[in-house]
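> The lines below spell out each chain.
There are 2 protein chains.
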Amino acid sequence: MKKFLNTAESFLPDALAGLAAAHPELRVDLDTGTVVRSDAPTEGRVALVSGGGSGHEPLHTGFVGAGMLDAACPGEIFTSPVPDQMLSAATAVNSGAGVLFVVKNYTGDVLNFEMAADLASEEGIEVQSVLVNDDVAVEDSTFTAGRRGTGATLFVEKIAGAAAARGDDLASVAEIGRRVNAASRSFAVALTACTTPSAGRPGFDLPEDEIEVGVGIHGEPGRSREKLRPANEIAADVLEIILNDHDLASGDEAIVMVNGLGGTPLSELYLVYGEVSSLLAKRGITIVRRLVGDYVTSLDMAGCSITVCRAEEPFLALWDAPVNTPALRWGV
Amino acid sequence: MKKFLNTAESFLPDALAGLAAAHPELRVDLDTGTVVRSDAPTEGRVALVSGGGSGHEPLHTGFVGAGMLDAACPGEIFTSPVPDQMLSAATAVNSGAGVLFVVKNYTGDVLNFEMAADLASEEGIEVQSVLVNDDVAVEDSTFTAGRRGTGATLFVEKIAGAAAARGDDLASVAEIGRRVNAASRSFAVALTACTTPSAGRPGFDLPEDEIEVGVGIHGEPGRSREKLRPANEIAADVLEIILNDHDLASGDEAIVMVNGLGGTPLSELYLVYGEVSSLLAKRGITIVRRLVGDYVTSLDMAGCSITVCRAEEPFLALWDAPVNTPALRWGV
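These protein sequence lines map, in sequence, to chains L and Z. Counting from -15, one number per residue, gives the positions in the first sequence under the working numbering. Counting from -15, one number per residue, gives the positions in the second sequence under the working numbering.
A hint or two may mislead.
Pairs count within a copy or across copies, as identical chains cannot be separated in the list.
[To be verified] Here are the simulated lysine-lysine pairs, DSS-like style, with alpha carbons at most 30 Å apart:
| hint | residue 1 | residue 2 |
| --- | --- | --- |
| 1 | K211 | K266 |
| 2 | K(-14) | K211 |
| 3 | K(-14) | K266 |
Keep in mind that the hints were calculated from the coordinates and are not lab data.
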């Protein structure tokens, strides 16, 4: 294993210490396991809390800031955070207007966020949750009943975060978050496996000429092992799968993300985006906003995911609203 | 070789087509090999042009936009662009106030930018150049006489770009670019080699327990092959080398970049940043601004570089000035 780390055990706290040093606008608390906007809570505004296993950076810690998350709870690598982390975060950010939990659909995360919601309710904090389950690759997988939550998490956090920032109430913010998830589909392809610091070796074996089609963000198996093909064929296959599961039609507008899984150069992601853009144009679907880069990663995995979200009203205005976080920033 | 590409031959044009599709605010011209702000030229303002071999994305194409570059000339992977590209770019962006070439110190780039400057002069375009040679690893290397130009290129492009944006004349913009280079030092460590699409295999062999200390951005040899060590020791060694070559002293302020080479997860870069931050604090040096992420890469190479720039007057105000490019954006 070749990584920049001190010890496998201290990897997460050491990385969070670096995040804290780089971003004085965040309160990184290693004791409670939370990353909170240092100006939290904001009086009278709904607060967003997300979290999950670490190893997917910048998700979620890099999305804490104005217009997006109020707090993130980083679990150990590929391991759900515990309810106490979520409760600490909710307590730190609640201004009385309530807290929205954004939860990726993995069994541990779902159970722990539910328990945290109960604990928060007992303390008088109103909580609602949005479950993200956009990954159309497989039903029921390692760690998951139902579909996995992946790239659309960023879309939910950005768009619901903007709704909270403009002063929507908790029910409305939750509703828009659920609508974003319902309007989004994702699918990922791995060229290589990733290596966690604790395991010290790749999570699965993948021959030099094969790809994992439909891979999960922890390296969970996808739909099939296939031979490596040209990027335009891979992009066409992935879009076919996504659109077969979506009711996007000619004339529709979409927000699209081509997301690197951590080990793939930006030039390859742009190349894939070019193919996706051409293929959607041929179907009469217009990409009105896009992200190309590493946003929801799997440590050092080479590969990419594609997320397509229908740009329903009022998603676009909320997408364009100012955001000021370590990993996503515009309008400020 | 596992990459998202159609053919090795079409890799660069396909990636640039994707860039064009993602960024309608850029004019990507495959015929002239240029990426130009679509609102160029800006009347009465000095324009910045940079370029070099591709494979270091987002450098340089991702830094074209308001407050930074007016145009970039992407060469083939790890190959200098040709003088005609630079001349096309200079012609497209010159408003009569002159053009600054930002040139990384590699023999091919230097010769070709010199030839382009001569050609531009013949066409009545006033040109000055800033040579970036911040990499303290080695004197004279593959492709280079003198020191290599690496991470400080971003600093020169950002700070000189802001000087041009506020209306400084050509001599002043060039002068500030040269001062930024003189105030900056960089050093890189590779954990793995990178693979170019045309070669199809890693550029060098590196045993599973060794690192290349002082590696160049094309995988050129560094100072030594060493055993992999804990990140805090690597960071300490790299800073020692950088500061031995710099006159930074206790009480000084610095702008620092911990830059991923393409295949290294963000969490590891933050971990390294945490070590750098602690080590500089112990020397009484205050980091006043920082970047942590992939900015000057080497395709899929795992590794990172550290750049330290003394925050002399007026660098900080120019650093903070608005910038609106695909890869660097704030204040807008």
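> For every hint, state whether the structure bears it out.
Now for the hints, and whether the structure bears them out:
| no. | hint | result |
| --- | --- | --- |
| 1 | K211 <-> K266 | within (26 Å within a copy, 52 Å between copies) |
| 2 | K(-14) <-> K211 | both (27 Å within a copy, 11 Å between copies) |
| 3 | K(-14) <-> K266 | between (43 Å within a copy, 28 Å between copies) |
No hint from the list above goes unmet by this structure.
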